[in-house]
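Engineer: Spelled out, the chains give:
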Amino acid sequence: DTGVSQDPRHKITKRGQNVTFRCDPISEHNRLYWYRQTLGQGPEFLTYFQNEAQLEKSRLLSDRFSAERPKGSFSTLEIQRTEQGDSAMYLCASSLAGRGTGELFFGEGSRLTVL
Amino acid sequence: AQSVTQLGSHVSVSEGALVLLRCNYSSSVPPYLFWYVQYPNQGLQLLLKYTSAATLVKGINGFEAEFKKSETSFHLTKPSAHMSDAAEYFCAVHSGNTPLVFGKGTRLSVIA
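Order-wise, the sequence lines are chains W and F.
Residues in the first sequence are numbered from 180 upward in steps of one, following the numbering used here.
Residues in the second sequence are numbered from 519 upward in steps of one, following the numbering used here.
There may be inaccurate statements among the hints.
[To be verified] Under the rule of at most 16 Å between Cα atoms (straight-line distance), these lysine to aspartate or glutamate pairs were calculated in the EDC-like manner:
no. : chain 1 : residue 1 : chain 2 : residue 2
1   : F       : 586       : F       : 603
2   : F       : 567       : W       : 282
3   : F       : 622       : W       : 223
4   : W       : 250       : W       : 282
It should be emphasised that the hints constitute simulated quantities derived from the structure, not laboratory data.
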């Protein structure tokens with residue numbers, strides 16, 4: 180399967196701990212997005228990369244959050260000093276810039292529970 | 519700024535009945551519009567998309583949507599609901615290089 184993959188699928192952590200999520204996009208896609216989804220809400224944009232460059236960050240992305248895409252392939256999203264409000268599904272998506280309509284292909288998400 | 523409003527956080531229909539999920543958008547430039555579906559504990563799957571070609575768009579699983587510029591709407595319909603259609607549906611908009619903006623979603627329940 181060559182879809183978007185995310186790891187881990189589920190993460191339970193204690194408040195104050197750091198967590199890291201990984202996303203592997205569809206191989207030929209040059210854009211990679213991170214979204215956050217809380218219960219009863221639609222996905223909210225966090226940040227996106229084109230190749231290795233981080234082009235836009237939402238104001239939702241506080242200084243405890245950092246995302247990287249070092250070689251323009253996979254990406255990591257790290258949350259430092261987690262808070263209970265960080266509990267959410269973190270969705271990764273990829274697309275091919277300049278082709279088509281900007282359709283995003285989503286992974287199955289990484290669910291974070293902060294106790 | 520772009521935005522999407524989905525009317526009704528929860529819609530319940532009988533099996534075999536018409537499905538109508540409403541979406542209104544706001545965009546200062548011609549938009550691209552999408553409907554995604556999300557099954558429990560899964561990621562989002564594209565149902566259909568409007569790309570400024572035909573205003574009536576057909577998607578997977580018998581769904582279709584009609585772009586109406588005068589009403590700034592992109593409602594999703596299916597003539598006959600099936601139990602397997604029960605899921606969360608999201609309308610989304612973007613234009614140019616802006617990130618995709620999602621509505622809050624509508625949960626569809628199908629009653630046997």
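Engineer: Give a verdict on every hint.
Structural biologist: Hints, one by one, checked against the model:
| no. | hint | in the structure |
| --- | --- | --- |
| 1 | F:586 / F:603 | violated, 24 Å |
| 2 | F:567 / W:282 | holds, 8 Å |
| 3 | F:622 / W:223 | holds, 9 Å |
| 4 | W:250 / W:282 | violated, 23 Å |
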